[in-house]
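Colleague: This is what each chain is made of:
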Amino acid sequence: MFVELEKVNKTFGSFQALKDVSFGIEQGKIVGLLGPSGSGKTTILRSLAGLEFPDSGIIRIAGRAVNDVPARERGVGFVFQSYALFRYMTVFDNIAFGLSVKKKKNGAERGQIPERVHELINLVGLKGMEKRYPAQLSGGQRQRVAFARALAPQPQVLLLDEPFAAIDAKVRKELRTWLREMINRVGITSIFVTHDQDEAIEVADDIVIVNEGGIEQKGSPAEIYQHPATPFAARFIGQSSELTDYSRLHGFLPIAGFHQAVIRPEFVHIFRPDADPYPNSTDDGLVEQAYFRGSVQELHLNVCGQRIIVNNALDDGLLSSGDRLRVLVSRMFLVNEREVRLAENASLRDVNPVFI
Amino acid sequence: MREYSGNIGKNALIILCFLFIVIMLLIPLISVLAYALRQGWAVFWEAISDPYALKALKLTLVTTVWALVINTVFGIFAAWALTRYRFRGQHIIETLIDIPFAMSPVIAGLVFILVFGRIGWAYPILQQWDLKVVFAVPGIILATVFVTFPFVSRELIPLMNAQGTDEEEAAALMGAGTFHIFSKITLPHIRWGLLYGMILCTARALGEFGAVSVVSGHLRGKTNTLPLHIEILFSEFKLTSAFAVSSILVVLAIIILILKNIVQRKGKSEVQ
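In order, the protein sequences belong to chains V and W. My numbering puts the first residue of the first sequence at 1071, with every later residue one more than the last. My numbering puts the first residue of the second sequence at 4, with every later residue one more than the last.
Derived by calculation from the structure, the hints in this document are not laboratory data. Heads up, none of these hints are tricks.
Among the chain W residues that face chain V by a calculated CB cut under 7 Å, a handful are:
id : residue
1  : Glu-170
2  : Ala-173
3  : Leu-176
4  : Gly-178
5  : Ile-188
Sample of chain V residues with no beta-carbon within 10 Å of chain W, all distances over it, derived:
id : residue
6  : Lys-1099
7  : Gly-1284
8  : Lys-1288
List of simulated lysine-lysine pairs, DSSO-like, C-alpha gap at most 30 Å:
id : chain 1 : residue 1 : chain 2 : residue 2
9  : W       : Lys-269   : V       : Lys-1201
10 : V       : Lys-1077  : V       : Lys-1089
11 : V       : Lys-1201  : W       : Lys-187
12 : W       : Lys-61    : W       : Lys-225
13 : V       : Lys-1197  : W       : Lys-187
14 : W       : Lys-187   : V       : Lys-1172
15 : V       : Lys-1243  : V       : Lys-1288
16 : W       : Lys-58    : W       : Lys-263
17 : W       : Lys-241   : W       : Lys-61
18 : V       : Lys-1201  : W       : Lys-271
19 : W       : Lys-13    : W       : Lys-263
20 : W       : Lys-263   : W       : Lys-187
21 : V       : Lys-1197  : V       : Lys-1172
22 : W       : Lys-58    : W       : Lys-225
23 : W       : Lys-263   : W       : Lys-61
In this text, all values refer to a predicted model and were calculated from it rather than measured experimentally. From the three backbone atoms N, C-alpha and C, an ideal C-beta is built for every residue, glycine too.
Excised from the complex, chain W in its bound form:
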């Protein structure tokens, strides 16, 4: 590289990167924590031990677990189907998986209102079974699942394509059943990628705002997730509380970041 960019160019690029990250990412994060603690620990503690905040945290965690489980199972199925079989419409499905990445989450939320809400075609059916989706927890979970849908399968598809089907065919020829093949041959190969996808899915699910905001209805203590709760606090000018509760999400994000790094490193060392 040196021949045509030189050390000046290299150093300038590195400094630029650092500056950008510090200004755009690090300073805002630090100011969240600083603002949260501005009025001392007592106020901070009061804000995050507020029953509504705790309920919001609980709902966020429940939603995340649901989204994670559903998307992990489905992601494995989708990756398996797309990499292990050849069928008509394969490319269409592969493209459709990416819809949540391409579409604004607000639209995703609106879609669920259109389907399950009072004006939706599925509303009468839900009524019969006495089920509530929109403005209730199931709607929040659905919206989160939608938004975090591609993470696991997107991680797995390239991995499984690279692995090929030879080993699985070899195992099948020797009489191994599908589950045996998956757990003994496929899973060891994809486990770090799978974990990585699950971590990304978790991170996104914890912070999802747009789609959830549309379907939630903002019922305090009932359908408020942590990001929604923060938004309400903020719009009520309870800035210190808003930032205090935000700091929970920031800490969770940092934990996830560390986990992600460990998993990535493990996966890399295994490849070698």
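Just chain V, with the same shape it has in the complex:
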């Protein structure tokens, strides 16, 4: 593993920010630390950078334990949430800063700084803006400068703290793709922090889900989405409905020890009452709220007295509150305090037996 944390603990006063955090990251991967605010994900990032120091545990970068290595010698590039561009320096000077500090210590390589800075300015597509000050740039342009500045001293690892938080929604999507392409082109091992699951799924090769100072699950976005390892992961990823009385739905029997169920919108299928292909597996549903979301309609259904969220694909037109439907739940995640179990709709299996 190129970057590795081993049983890292950190407390701020009486608050335990990190609890036995252990995980590893392969070289060249983009990893997203995903969790709610206050979960400790930023503390992990800052510990890697050397801006915070863990109370116990080991942090390794490129095989070297860096616990006692000061931030500037760790070879990490850091992109701050606010970008932290030097506001009294031009774009050029911002990007050159790290290089000129290094140059002072090495003596040589003096003439190469402008060359390297221009190379980076071209890479991030800010040619012609060298003489501007951060205040004269848009949010997206600032992020590009921050990215170039972090890359300038050729770090081994790039760390990004909520890289898209300060950007308006419209540009954000564009920048995600841009950032991913840039990181892939440079080939640098990157770790970013986010509370936005779409962002994590779109940008990261691997996602680490962080909650209450601990690691819930690490895996590819598909793995995490399809096979949540912990109740928290099941609830946090996807826009889910939670049921306490899942056995009232058709095809699900109560299982001892599991008192709650998490249902993703794609587990739910809706039919008009007169066109129900699985009458033995469906329940009655009443549309309580209908929200128009553009490409889909988000419906809040009342099924057997419990709320289930589903997306209506609009193929059969818009629905409105008060409409009655037939609702098929094909599967659900059963959760308790520690475990997650996938449950399939049993009646569906009976209706469509497959004999080979």
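Given chain V, put chain W in place with the hints provided.
Modeller: Here is chain W on its own, set in the frame of chain V:
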């Protein structure tokens, strides 16, 4: 505003402000200059070229420079410590910085007598090194430093809090040393505020009377600052001389006021 106060209210307030400032500030200042020149330029010139007046002016300037240098350096350190680190007792220190604003300067002077004077606990130590603080120049400088102590740090603390630590952390991550970070990242941000604080500090140091009066001992030509000299002249009924020497301080104050305005405007335009 117009909806509920009306033009009458607005104009009345403005006139009131003007009247107050003219009566309380402008007329006294003008009368100082007028009184000083009442007996003509020759008498005026004689009063301010008096060797004791010149010595007092010199001492005032020396004291001001000392106070300014000490408080600038310390003010930067204090602001840095209070805004860049979290530690126990932080709020206590932040409150303590304001003591000179809250306390009468006379008490400040008495405190130095209690510590360094003949009855003070530090007196024997000073004797060993053959140092004189009270009734000597060091005491005057100490008292002035005490009184002007909060100006620089009070200007810097809010500025540095607003700036945050992100830029400094970013620079540190790239390998910049503390001094490099301060001069390249922090200083450009705080320079106008720093200058403003220094100007306020200078203005206060030039005019300080109470604290200095207690520790000085009023030794003419030795420990007399300009304000003390004026007071002595006044109590000897040399009114024209007193006002003539006062006019030096008034002119210095006006120069400082102009400087302050320039700095304030520069600082504001930079924020935008």
